[in-house]
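Here the protein sequences line up with chains A and B, keeping their order.
At position 514 of the first sequence (counting the first as 1) the number is 513 in numbering that gives the first Met the number 0, and the numbers step up by one without a gap.
At position 105 of the second sequence (counting the first as 1) the number is 104 in numbering that gives the first Met the number 0, and the numbers step up by one without a gap.
It should be emphasised that the hints constitute simulated quantities derived from the structure, not laboratory data.
Careful, some of the hints might be misleading.
To be verified - One-sided excerpt, in silico: chain A residues whose CB lies under 8 Å from chain B:
| no. | residue |
| --- | --- |
| 1 | Y3 |
| 2 | R19 |
| 3 | Q150 |
| 4 | H155 |
| 5 | E157 |
| 6 | A159 |
| 7 | L237 |
| 8 | Q270 |
| 9 | G275 |
| 10 | I279 |
| 11 | R286 |
| 12 | I287 |
| 13 | F291 |
| 14 | L530 |
| 15 | Q531 |
Stated by the list, open to error - DSBU-like mimics (lysine-lysine), calculated; alpha carbons at most 35 Å apart, straight line:
| no. | chain 1 | residue 1 | chain 2 | residue 2 |
| --- | --- | --- | --- | --- |
| 16 | B | K47 | A | K96 |
| 17 | B | K7 | A | K273 |
| 18 | A | K246 | B | K143 |
Said to hold, decoys possible - Pair by pair, the computed Cβ-Cβ distance ranges are:
| no. | chain 1 | residue 1 | chain 2 | residue 2 | range |
| --- | --- | --- | --- | --- | --- |
| 19 | B | L21 | A | G28 | 23 to 31 Å |
| 20 | A | E259 | B | A16 | 35 to 43 Å |
| 21 | A | K244 | B | S3 | 45 to 53 Å |
| 22 | A | V508 | B | L50 | 52 to 60 Å |
| 23 | A | E266 | B | A16 | 44 to 52 Å |
| 24 | B | E111 | A | K254 | 43 to 51 Å |
| 25 | A | P276 | B | P59 | 26 to 34 Å |
| 26 | A | V508 | B | E111 | 30 to 38 Å |
| 27 | A | E259 | B | L75 | 54 to 62 Å |
| 28 | B | S44 | A | R240 | 37 to 45 Å |
| 29 | A | D99 | B | R83 | 51 to 59 Å |
Quick reminder that beta carbons are idealized off the backbone N, C-alpha and C, glycines included.
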Amino acid sequence: MYHYDELDQTLIEQRVTQFRSQTRRFLDGRLSEDDFRVLRLQNGLYIQRHSPMLRVAIPYGMLASYQLRKLAEIARRWDKGYGHFTTRQNIQFNWPKLEDVPDILAELATVQMHAIQTSGNCIRNTTTDHLAGVAADEVINPLIWCEIIRQWSVLHPEFAFLPRKFKIAVSGAATDRAAVGVHDIGLQAMEQDGEVGFRVWVGGGLGRTPLVGHSIKPFVRWQDLLTYLQAVLRIYNLHGRRDNKYKARIKILVKDLTPEVFAQEVEALWQRIKDGPDTITQTQLQRIAHLFTWPEYEALEDEPAGSPAASNREFARWLRSNVHRHKQPGYAAVSVSLKATGPAPGDITAEQMECVAELADRYSFGDLRVSHEQNLVLADVRQRDLFALWQALDEAGLATPNIGLLTNIVSCPGGDYCSLANAASIPVARAIQQQFDDLDYLHDIGPLDLNISGCMNACSHHHIGHIGILGVDKNGQEWYQVTLGGRQNGAYQGPEGRVGAGGALLGRVIGPAFARAQIPEVVQKLVTTYLQLRDSENEHFIDVVERLGIEPFKQAVYAKHADSVHQKAKEMAHA
Amino acid sequence: MPESAANKLILNGQLEANPWRLYQPDPASGCALPPDAPGWMIELSLWKELLHAQPERKCPVGIVMPSDGDCNDLILEAEALRARKDVAFIAIHFLQYGDGRGYSLAWMLRQEYGWSGELRAVGDVLIDTVHYLARCGFTGFVMKQGHDPELALESLRAFSGHYQPGYANPVV
């Protein structure tokens, strides 16, 4: 966990003062609606369907227990007693009043938190692997690099007003859990000839024009990370389109120029600024590294498999899906599922926040993380404490054994809250969760990513779900388009063949859209088809889609049951 | 009547009167360039013409670049431009304060082209943007209507420390 130094603390306090004065000028009529809009967005404040929405930054998803307690306090005092974790590892409050926001920010600043650049056309919160620093397959710990990027990007004077929002993700493991292939910039930390550096992916992104990123530089030495980012951002800032917001992301510029030409332009500019004042020095690196505290692990042995699990099926199931391997013997990382059937995916109540904070203190060195799949992670739990932790989580409704499985649905707030959405997403998620409420069956289906976005802005990354569901509007009615075969990682084929890290794949639309009520049945048919076609339990859903294509699934959904599905669609359309 | 913000200039952290106004060419009268009198700013597109047509000009002009302007259109090297008696400053005009190109252009004028003279922000310049602008190398600001230059001067001091070593601290 990174702890602020004086500069960090002063800066966020001064930002609160600045925003307080901007809000006052707006409320007094001395700052126009138009002028205030961009300023408030740069501080995470949207005007939503029901009231303003405040998005609070959780840098690269790392959170301390005392910060989570503060979030609970804010949820109670200024919201309706809950918060919503997002796919950018942030938290959103949906009910604060505009005039209260400066006070909320002041409270956040007391625990080293802020809302800087959580929206607007600027560099957003950098995200990373939720198992950063503890994953068994990690090559480089990305956390220090994320902090370096955080500092560099916060209130960057040159890049405060980009053509459009800009998202950076960092991964340091063999398996990419940060989806670097669908970010404006994806950084894959690696080691080459004993030196740490980064493969740089540019121009990935979902939204209306989903595109996967291109690897434009196979290796940038760590010292050069910021000057290289500066070169990419400057080319984008100068040449990205500003005439059409739907064509303003860097992915469009990269596509229009071609990745090769874009890479050449960046290279030419970088050669001129390389070794400049933003070059990272060893001293700087050490200064930041020293501000991190790391868990002081006990010397333990891995616990023998078996004991409590043998006698308790529910615990065994939870162990299988929600507990992850740890680099340190005797320890494990635990996902706290925010995907129980009922509440909106990613939602958490103030009581649950306090409960998790307490459990983090008791079992995981007081730290936790937010995953981009909208769950929480207690990353450093002694294996011998797992049973007790499970019991406590279960009591709080936070032990749904579904991480990596179908009901671990990634969903945006959708039409119930968001003014951009075309369709609801939360009720659809709930209906699917209800359809698959048999836990043995759920575990038998195995790993499956299902993502639901309420509109083509794709906040829930439906394109990279193994099954993706997109809400669309047809003549004022909600319809849902289904895509198949997307993946957030593992698709990149280098000269050395497929490597686990990096490379996303976009799902393909299987056919005409469905009415809301049909979606659980459609998902059921896709799953049944998979179960019939898999060669063994080890062949996962996405593997079968890759081996056989979408055709057999399409047939199962449309052709064979044409009567039932189409008939229903017709009835709904004429209802 | 409140005093117009355009009558004030923030220069090197001081508030002063702003005598500068943009010259609007009047094709009807055949007058493409400003007279040799003080206080004229000209668009970058007129600079080449002025350079040739008024070689003996006494009163300096301010050259106003658009946010997507090109340093090459200044024709001369930065040092040669700085040495001239007929150039007072370079300004970048913001049509919208959110047009970030002006920030990169300022950085390039300072760091790549090498302009060490005054760099002024004009147009849609807000109390809330002067701090960023100053860090990109602007030293002069003419505020947009409704944005009090006194408050803008204060906002240059909004942040006492920064993360990006390659960018200037505001002159206050």
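These are the hints, each one checked on the structure:
no.: 1; hint: Y3; verdict: violated (12 Å)
no.: 2; hint: R19; verdict: violated (11 Å)
no.: 3; hint: Q150; verdict: holds (4 Å)
no.: 4; hint: H155; verdict: holds (6 Å)
no.: 5; hint: E157; verdict: holds (5 Å)
no.: 6; hint: A159; verdict: holds (5 Å)
no.: 7; hint: L237; verdict: holds (5 Å)
no.: 8; hint: Q270; verdict: violated (12 Å)
no.: 9; hint: G275; verdict: holds (6 Å)
no.: 10; hint: I279; verdict: violated (10 Å)
no.: 11; hint: R286; verdict: violated (12 Å)
no.: 12; hint: I287; verdict: violated (11 Å)
no.: 13; hint: F291; verdict: violated (17 Å)
no.: 14; hint: L530; verdict: violated (51 Å)
no.: 15; hint: Q531; verdict: violated (54 Å)
no.: 16; hint: B:K47 x A:K96; verdict: violated (54 Å)
no.: 17; hint: B:K7 x A:K273; verdict: violated (39 Å)
no.: 18; hint: A:K246 x B:K143; verdict: holds (29 Å)
no.: 19; hint: B:L21 x A:G28: 23 to 31 Å; verdict: holds (29 Å)
no.: 20; hint: A:E259 x B:A16: 35 to 43 Å; verdict: violated (53 Å)
no.: 21; hint: A:K244 x B:S3: 45 to 53 Å; verdict: violated (33 Å)
no.: 22; hint: A:V508 x B:L50: 52 to 60 Å; verdict: holds (59 Å)
no.: 23; hint: A:E266 x B:A16: 44 to 52 Å; verdict: holds (47 Å)
no.: 24; hint: B:E111 x A:K254: 43 to 51 Å; verdict: violated (27 Å)
no.: 25; hint: A:P276 x B:P59: 26 to 34 Å; verdict: holds (32 Å)
no.: 26; hint: A:V508 x B:E111: 30 to 38 Å; verdict: violated (46 Å)
no.: 27; hint: A:E259 x B:L75: 54 to 62 Å; verdict: violated (35 Å)
no.: 28; hint: B:S44 x A:R240: 37 to 45 Å; verdict: violated (23 Å)
no.: 29; hint: A:D99 x B:R83: 51 to 59 Å; verdict: holds (55 Å)
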